[in-house]
Amino acid sequence: MSAPRRGRLPAGTVPLPASSIAVMFACVALALGTHVGSVPAWVLVAALAAGGIRLALAWRGRRPPPLVVRLGLAAAAVTLLYVQFRTFNGLAAGTALLAMMAGLKLLETCTPRDLYVTTLLVYFLVLSSLLMTDSFWLLTYALSVCWATTAALLRLTTTPPLPAWRSSVLYTGKILLQALPLAAAFWLLFPRFSSPLWHLPSDAQAAQTGLSDTMDPGDITHLALSDDIAFRVKFSGPVPPSAERYWRGPVLHTFDGRTWTRGHTGLLRAPPWTPSGPAYTYTVSLEPHEHNWVFLLDWPAHWDLPQGALTADFTLIQPDPVSRPLDVAATSYPHVDFTAAPGLIMRRRDLQLPEGRNPRTVALAQKLRADHPDAAGYVQAVLDLFAREPFYYTLTPAPLGTNSVDSFLFDTRRGFCGHYASAFATLMRAAGIPARVVTGYQGGTLNPYANYWIVRQSQAHAWDEIWIDGSGWIRVDPTAAISPSRVDPEVAAAAAGDESLAPGWREPPHWLVSLGMRVDAIREIWRERILLFDQSSQMSLLEALHIPEPDGEKLVLVLTAALLPVLVWLTWSVRREVSLERGDALLRAYTRLCRKLARAGLARRAYEGAEDFAARAARERPELANQVEPLCRQYSELRYEARAGAPPAAQVRQFAAAVRKFRPQR
Amino acid sequence: MADSNPDRPPQDWIRGWSARRHGQDTLPHTISRRRIYILPTRVGLMLAAVLVAMLVASLNYNSNLGLALAFLMIGVALVIMHHCNRNMLSLKIDAVTQGDAFAGQPATLVFGLRNDSVVDRRDIEIHCLGASAPAIVPARSSASLEVRVAAAARGVVHARQIELRTRYPFGWFHAWSYVHAPLTVFVAPAPRGERTLPWTEGEGSGSRTESRGDEDFAGLRAYEPGIPLKHMAWKALARGGEPAVRSYTGLSAQPEWLDFDALEGGDTETRLSQLCLWVLEGDASGRVYGLRTPGREVAPGRGPAHRTECLRALAAFEAGAS
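Listed in order, the protein sequences are those of chains L and W.
The opening position of the first sequence corresponds to residue 1310 in our numbering, with each subsequent residue numbered one higher.
The opening position of the second sequence corresponds to residue 14 in our numbering, with each subsequent residue numbered one higher.
Just chain L, same shape as in the assembly:
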């Protein structure tokens, strides 16, 4: 027989009943559900509509639409997809195409073979939703969809009378459970690659989160209200005090009077420095944020990021954006000695101020500088100014004019870290002290249940670094200078748990925080053990097994060695169900009795009933007769005595115990 041609039924094939098509439609709909939000809505709607048309036709007992119509629809769909994506390469476009294909396949579903193809499409569709996610819930949903689809396939491919839905679902669930050990062995030990097999076209739409590489005072507001986690930190050894937990992000040099930007840093070199004092060793676990920087403590000395490099302003960057969870182990020294001054270009850049902007600030700086000729005294004077004058910390500052620093310092006096950092840097530069704005995060919350620190988006911060000859780069946090009594209470709720801000604010109830911490601890395990499991984890697994010089080949050997017992278990557990003794304790005990006697040199012949066997045993081994005869009689009574239902369990147990005690000698 040849394969069925499209649109025509092969001879002898019964068209699928509408109920089968409805079941398949439901499976495809569930699979499309994994893509809500990642595939354009119109694609999902179109795919469902195609399936819905087929379903409506099937209810009326009609065939799929003719080939011409289907081809036309397919061509239209592909064209629309191309118009939207301009490519079929890449995950987003590929997934949309796949979703559309699943819908169109439903449209032509007519034979059992189409059902198989549809289920395969469902499997792949579900998989594609998992490729770029880290969500435990999506994985759970995806597995449920596969379970339901497989159970549906079971029913659609067997001959009636069909078993109940419940038993189909349970049977499929059992198959999934039996597959779990195999899957676990493969997952742990199947060699991973450290780099992709081929280049992945990057999806341009991936949204960047967290800090950006520009700072417009006002930017950080949206972060301050976000409870999302930016990264987690696990310290090995001492934990720095709050005042030293400044997580360094992009450093901004160029100021146009309103916005701070990074400027060009490519060719500059960091001034040399030597560490002094203690070091902190820790691992930063970044959530994906689609930028290419990594947040480390001041001043980073070592890090295990193969392609990572430190910029001239001490930010760790890597060539690719962080689009997957990333763990970076690093060492930082809170105190370092700078052995040489920054180069002229760098110094000039960090002194640059826009021409003619913020004149009142420049005047103020010059006046203060005249009073404090030494740099340290000047810095202190500026901080005193922030502390003394009525500066308020608020997340809802009034809008600033063109000369943003002027209006902040002299008019509104309300702002948050961005405003203070910007004003402070301007005051420094105007007084001839090289200054730059550092953005990042400050603080962190300890999760006591798993002993790591959580840094949230609400802890985003901006501070300054100034160069003082003889001392090097010094971190100054002007926001910390303002009086805690002048902090807007609204900030409190958003920044709860942030140690850098004064206590006494309204906090969520303790149990809620504690619950949240526990959930986050589980999430961290999920992240660390599941999401970040990679080649190097596999190698450390081999090391833990005391395998010297682990590599891919040894991994395959270990995988094979692990699969063997799993497969033996699988075979045993599957065959056990058809073993004749299963569920029959009496037969099991009798078989054991026969086995014992066979070992003692007295094998039961296939045609012998229990009592014939006992009689022969008595003839051939008279010394065993007084034991064998009662046992065999008991068995045959239990087995053949006329009664309703199974032999009484208590007596069977008693018989089994007697058989266990029976030890014939050779």
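Calculated directly from the structure, the hints in this document are not laboratory data.
For every residue, glycine included, the Cβ atom is placed at its ideal position computed from N, Cα and C.
Where hints are given, some of them may not hold.
What the hints assert, rightly or not - If you want the footprint, here are the derived chain L segments under chain W, 3+ residues with CB under 8 Å:
(1) 1423 to 1434
(2) 1446 to 1460
(3) 1480 to 1488
(4) 1496 to 1502
(5) 1875 to 1884
Fit chain W to the supplied structure of chain L, relying on the hints for placement.
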């Protein structure tokens, strides 16, 4: 329902190899694990391709969750392979009857399948002589299934093996097993002819229907195989005696002979068809009759067993094992 396009039947060389390896089986036969072969179906190969694609995609995107799903589905496929194999394991097959047929009509081979385990066996197919029948054998029960073999020409058809197949669950794998037990199908000639029974002409009674009343009862005699059960003396048996049959005067007539050589005219098959018709008519008349064909003689007798013996003799006439 299984895939509408059964894969190519397992290759002949496997069949031959299996026969050489395992020798003859006797029925009833319990299918052991060493006798079950399994291969992926075409759908199974498609699935394998999709699984590989899923694996490669997950590896490429370095997605641990994708890999988890891909490996789970690979595990499921391997588990299904075991389940497909198990679906046939320890089934007990027996041939309840040998097939007998008239040329041009299907021969019905009745098989019994016994499932002593606690799981249902679904979608088992028995293939024999190019025909097949599906069966479901629920847990701890039996099923009998009839395979209708088309019998075109008169003769004796020998089946060297019976094949059991299953694709349950999911139709991703095709498991099969051969039982190397000989089955013979006797295809008797199609009953056809214009002549009436030879003895009705001679006796001139004109009636083939017996009028057997109690008045014809002539006493009891020992039971012989082949005597219709309706003549059994059940009461005598119930009293504890030997099996006996009631004897009637009208039935203890002289045996009549149906003789191949006595038929003139027509070719061999026509004569055999005529003899076949006579056997059926003779059986219906309840008379004692015998059959003579060149090289073989079936002693006079009556009853279904005797009829079957005569029909088989006709089927086997000059027919080598085909």
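Here's how the hints hold up against the structure:
no.	hint	result
1	1423 to 1434	holds (count 5)
2	1446 to 1460	holds (count 6)
3	1480 to 1488	holds (count 5)
4	1496 to 1502	holds (count 4)
5	1875 to 1884	holds (count 5)
Checked against the numbered hints above, the structure breaks none of them.
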